[in-house]
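Start from the sequences and build out the full structure, keeping to the hints where you can.
For the protein sequence lines, the chains are A, G, S and H, in the order given. Going by numbering that gives the first Met the number 0, the first residue of the first sequence is number 0, and it counts up by one from there. Going by numbering that gives the first Met the number 0, the first residue of the second sequence is number 0, and it counts up by one from there. Going by numbering that gives the first Met the number 0, the first residue of the third sequence is number 0, and it counts up by one from there. Going by numbering that gives the first Met the number 0, the first residue of the fourth sequence is number 0, and it counts up by one from there.
Hints are computed from structural coordinates only; laboratory data are not their basis. Every residue, glycine too, gets a C-beta built ideally from N, C-alpha and C. Worth double-checking, as some hints may not be accurate.
To be verified - Part of the chain S face toward chain A, derived, beta carbon under 10 Å:
(1) D273
(2) H274
(3) G275
(4) M276
(5) A277
(6) Q278
(7) G279
(8) A282
4 protein chains.
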Amino acid sequence: MAELAERTRRFVSEQVFPIEREIVVDGRPMTDALRLELQKMAKDAGVFGPLSPVSYGGLGLDTRAQAPVLEAAGTSLIGPLALNCWAPDDGNIHLLAHAATPEQAERYLRPLASGEVRSAIAMTEPAPGTGSDPSMLRTVAEEVTDGWIINGDKHFTTGADGAAFFVCIARTEDGPTMFLVDQDNPGVTVGRRMPTLDHTSAPGGHCEVRFENCVVPDEAVLGAVGQGLEYAQVRLAPSRLTFCMNWLGLATRAQELTARHIQRRESFGARIADHGMAQGQLADNEIDIEASRALIHRAAVAIDTEGAASSSARHLASVAKTFVAEAVWRVLDRAVQLHGGLGVCEDHLVARFLVEARAFRIYEGPSEVLRWSIARRVLRNYR
Amino acid sequence: MAELAERTRRFVSEQVFPIEREIVVDGRPMTDALRLELQKMAKDAGVFGPLSPVSYGGLGLDTRAQAPVLEAAGTSLIGPLALNCWAPDDGNIHLLAHAATPEQAERYLRPLASGEVRSAIAMTEPAPGTGSDPSMLRTVAEEVTDGWIINGDKHFTTGADGAAFFVCIARTEDGPTMFLVDQDNPGVTVGRRMPTLDHTSAPGGHCEVRFENCVVPDEAVLGAVGQGLEYAQVRLAPSRLTFCMNWLGLATRAQELTARHIQRRESFGARIADHGMAQGQLADNEIDIEASRALIHRAAVAIDTEGAASSSARHLASVAKTFVAEAVWRVLDRAVQLHGGLGVCEDHLVARFLVEARAFRIYEGPSEVLRWSIARRVLRNYR
Amino acid sequence: MAELAERTRRFVSEQVFPIEREIVVDGRPMTDALRLELQKMAKDAGVFGPLSPVSYGGLGLDTRAQAPVLEAAGTSLIGPLALNCWAPDDGNIHLLAHAATPEQAERYLRPLASGEVRSAIAMTEPAPGTGSDPSMLRTVAEEVTDGWIINGDKHFTTGADGAAFFVCIARTEDGPTMFLVDQDNPGVTVGRRMPTLDHTSAPGGHCEVRFENCVVPDEAVLGAVGQGLEYAQVRLAPSRLTFCMNWLGLATRAQELTARHIQRRESFGARIADHGMAQGQLADNEIDIEASRALIHRAAVAIDTEGAASSSARHLASVAKTFVAEAVWRVLDRAVQLHGGLGVCEDHLVARFLVEARAFRIYEGPSEVLRWSIARRVLRNYR
Amino acid sequence: MAELAERTRRFVSEQVFPIEREIVVDGRPMTDALRLELQKMAKDAGVFGPLSPVSYGGLGLDTRAQAPVLEAAGTSLIGPLALNCWAPDDGNIHLLAHAATPEQAERYLRPLASGEVRSAIAMTEPAPGTGSDPSMLRTVAEEVTDGWIINGDKHFTTGADGAAFFVCIARTEDGPTMFLVDQDNPGVTVGRRMPTLDHTSAPGGHCEVRFENCVVPDEAVLGAVGQGLEYAQVRLAPSRLTFCMNWLGLATRAQELTARHIQRRESFGARIADHGMAQGQLADNEIDIEASRALIHRAAVAIDTEGAASSSARHLASVAKTFVAEAVWRVLDRAVQLHGGLGVCEDHLVARFLVEARAFRIYEGPSEVLRWSIARRVLRNYR
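Encoded structure:
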């Protein structure tokens, strides 16, 4: 496993960094063609598909083994795309592997796992629909002969632009239910890409999507009717951890760039690296990075040994997501600060990293909502 | 004075906010034509020129009186431009009012104070030149018959693109010296705009500028030869405070937007405004805002009563700059967080504010350099 | 005023510091005899009674003028006692000056202002009585012929041990009401001193007090019946600020001790004062101190110009109390850290200061309750 | 192992908590007799000696296995004493097991591991001697016929009062060297106990100790002459981790006490546990606790697999010590705050815990010195 992580690290730094530089410095657009090119390179390097089942062409790593590999992938903003372990496809692969029928798996999981297609996840809705609170879900699926009609507005639909299919959650009489909806269904309209700060790393954007009299057959139901939130939970803990692993990689990259930068630059009679305040920030970064890595490992062990839906896995994944999202933000912010004026130039990686990472504290559960759920669990334990 | 601040607040919210929205939401470019249009509106509203001497068409406010007016101006990213109290022109107006000969004042200060032209400040240099450490200055001015020849590379030259003239600092045999260099001097080349994160608020950008055998007459010397750093000091404390006032305004705007947003949105059975964690963040913002306002006032009193170059004014301006830059950043970051997903959309003001504000902790003295100088003063006091 | 503050600073450092050292190092007990000795010294130095009305022998300073004087007093843990500007007498003096009848003023305010006697404030109750929430008040006063009978349990009754009288708040049919109860009233029992962390600075401790069939005459009512909470509000903003001023003084003392200590001690080849991380902490202390001073001044101006019960005075006093209590704590904590092992020895002042100061974030309104009230005001402003 | 941790947890809560309460509430003194009583109870419960080698009557756990057991022990201030895994004996046991000759082991390690005697570690010296910087060591050992003469002053000699022997580090011609010095050596004088804040948990205190013409035989040398710092390093990483495990236990206890307290108390119309700001603090505590636990585990794995003196073990132990010391402090501080007024009463555990824990950020390496060493390692990695 250490070997695979090392190989990934080498692959990303040798083959992905140059392309990342073209994107960040020269403005090369992140297209699906480029994504396929990157994935081809990852396949050739033998590092493609760390999250995907072996039977679908992936490496089939357990969560613990994923951690160092995804951290290595994450050292570049586009490394996780190259390895096919980036949102929302990572979570959808996990979800389909868990809940899809054999027919659904052939049709949706296989091309997704191979990188042939991309997918989207349609959960969040504009106000007064569901944001962090699943009870506010307003998109409705009405049962009709041989199928369902879905109506509702979504936004922040990650990956929607160019996705081959959507995982859409909608209310039914029996409760929230997940549906697989093909991109060419005439009832789906992908609206504008929302101008989110994380534009580099998401080829399909975060889009507004409308489901309008969208008819799907019974076979479009993913898992059991009325169990949509349970499936969302299955998806959630691993998907939060994947995020953590990828973003932690970016923090380690920023730390390396910073450590090198401050050993080259001088001011006030010494290298910046010799100034105590800079050393303090570098050490704070290191502490944040090691604590993140340690928490990810703990949560990964819980997922692997007790299951992704277990109480302890969910708790530790919440704790890890909250801590890592904030720790990565602090690391990137200090990296910018230690780069001085260059740190706020968008053609320097650290500036771009900072801007891209801001949403990580909000997506997949804002820190406040996670803290609330963490607190409730503590209170229950000590009632 | 309270009346002027109130008038400014009304002017900005009624007339500037709509234009700011066009820039942020629709991508309307910030041009000099737009700047002149904004300044015309500010003149009509009687709020133009709070920093400029009365004899040059300004309002001639002392520093204390500037604080609420500039805070009101700063509630929009482009409000300070409208009032002509934005970097680098604010500092250059102050510097010229202090150090220019009558001829220099007529030629440079008058059109600058009226908004007819913009200016630039050419201090920072690429490595291994001067960044925060003035002793590393590498641009050289050599005395020749009737004048000087300037050679050197600058970067982060704020306002350079389209500036009518440059305040350039260069080493001479007698020490660092300031020069006024016309834009059309054939020895000056304005290179690329550096892609800094603060692109909305700076019409002239932060540019690379080359002075190559740039010949200027003796009359181009601003103040006394060899006294360039002393003049830079004169400019520094007021210019740091101006920054603080303007950016504090932006923080108050973000606070208002946030307070309104969380009273409209609901989740988990209550308005976001009713959740204690949101209230805690709102209160932290308020505390940061009030402490910033209080520190700005204290530093302003020191400047007005003891002079901008006095030890106490410089100390308090350093303290205020360090605190306010970090406090504003915290306020904007919490505002983004409380806006949830919308907070990271670039067509929402708070996302844009956050990105624009990052450089404030670096420009005009990075927090670390300021902390170092604050600590040295404390140590001297208690030797 | 600056002269008075300077005189106070000199008085405290020359005359009070040696006695403080005996208390902290040698364990000399803080008795009423010692308090009277200290107050005699303060009277001789012309600095006694900064908060008391001139007609009652005090200096009659307005809030703004109090700030530097009380900060100077606060440089010693027992300086405020010497000047008679320490809780709970400071607040009771203020309250009596505001609400007492002439007879009550002669009987209670005069000896209190002169330092002849001490007083106590009996508000807080054990669960399920009132803590921070005044609506939970359980002590009851029942009207009888010519007077009242008070029944209830209080705790954290500051100053109770040895107090000449109590200001006691109790529920009546017409609402919460304040009563003046003599120490020798047979219906009052002072129980144990609660073993709070702040044992040096409080001669009367924080005690459990029982009112059991405690009969008081009509003249014992302070102010109007049913207006007890309004009077508590009158007392609150000034009393919070007095606290802030006193504790800020302690922070400045710790900063001085630290700055001197780290210039004497060496490690790793340099004075501790030359290490950047130490400088960073010293600068953070200075920023916290200056921001505290600035906020206190702003709140003092609001009290002096708009009244202690005005909305803006209460808001700014809440903001100041929250910030200053936390800032002082941070300053003292950094001072301990920079003293190394010596910093955790109780015979060193900084260790003692840290322990004494902990309650400041809880007394007179815990930070969380204050944040809640600050947030509500912000929300009201932007409804 | 989980069973042993659970057994320890039960032992401590059922048998140690009541005695701890007598100490904290009633002021029962912590004597050696009490220590022996506690250790007898731990032996009966089968949980004594988690750090000691099996051949010396201990449980012989590896570092990973120690973590949950010591965390359970640490839920009481005196739990680690009961199990014999508390400073300085824990580190001395580790050191002797590593470096003692068979004769030394019989004479010193055996009675120490069994709890029959206590020991002390004499490293730190008063200024200008060694504090955090080992190069400043001033205590000298001069070689004479058949032995050595030690001269020097130590302070903060943990455990000295009542210790059977001292591990003393002194300079020799060949470099720093460790010596085993019996308590009854006439050349040793134990001076005053330093009045440190952590008085509950240390039966032997932190003392001033003088070595004056202290003659010891050659057999008193521990390990090789001139290798004292290397042995100190061997002791250091495990001893830092032991500290972390024990103190983390205290943090978990405070968290439990807090969670229970805020579910019992009401204010402002709800249980404190229902207020969002309280939930946020509880969640922050949980995150700090889980991150501490995760970092301890990572460092323990490094010690067990790569050795206590390996670069990665030392690095991770430094990171863990820095983070955990600060995290525990934050947890205890929030626990105090959530207890309100009761939180600052010394007869409540959380107040006592906070005061006891302050030194943890200084002993065994102040956070600043650790950050410096962490930063240097980062810089070396990315040169």
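A quick look at each hint next to the structure:
A cut of 10 Å between beta carbons decides the hint on S/D273: the least distance to chain A is about 9 Å, and the hint holds. Here the hint on S/H274 is kept, as its CB sits about 5 Å from the closest CB of chain A, short of 10 Å. Taking 10 Å as the C-beta contact cut-off toward chain A, the hint placing S/G275 at the interface holds, the least distance being around 2 Å. Taking 10 Å as the C-beta contact cut-off toward chain A, the hint placing S/M276 at the interface holds, the least distance being around 4 Å.
Taking 10 Å as the C-beta cut-off, the interface hint given for S/A277 holds, the closest approach to chain A being about 7 Å. The beta carbon of S/Q278 is positioned within 10 Å of a beta carbon in chain A (closest approach about 7 Å), and the interface hint is therefore held. Interface hint at S/G279: satisfied, since its Cβ lies 5 Å from the closest Cβ of chain A, which is below the 10 Å cut-off. Checking S/A282 against chain A: minimum C-beta separation of about 9 Å stays under 10 Å; hint holds.
Violated hints are absent here; each numbered hint is respected by the structure.
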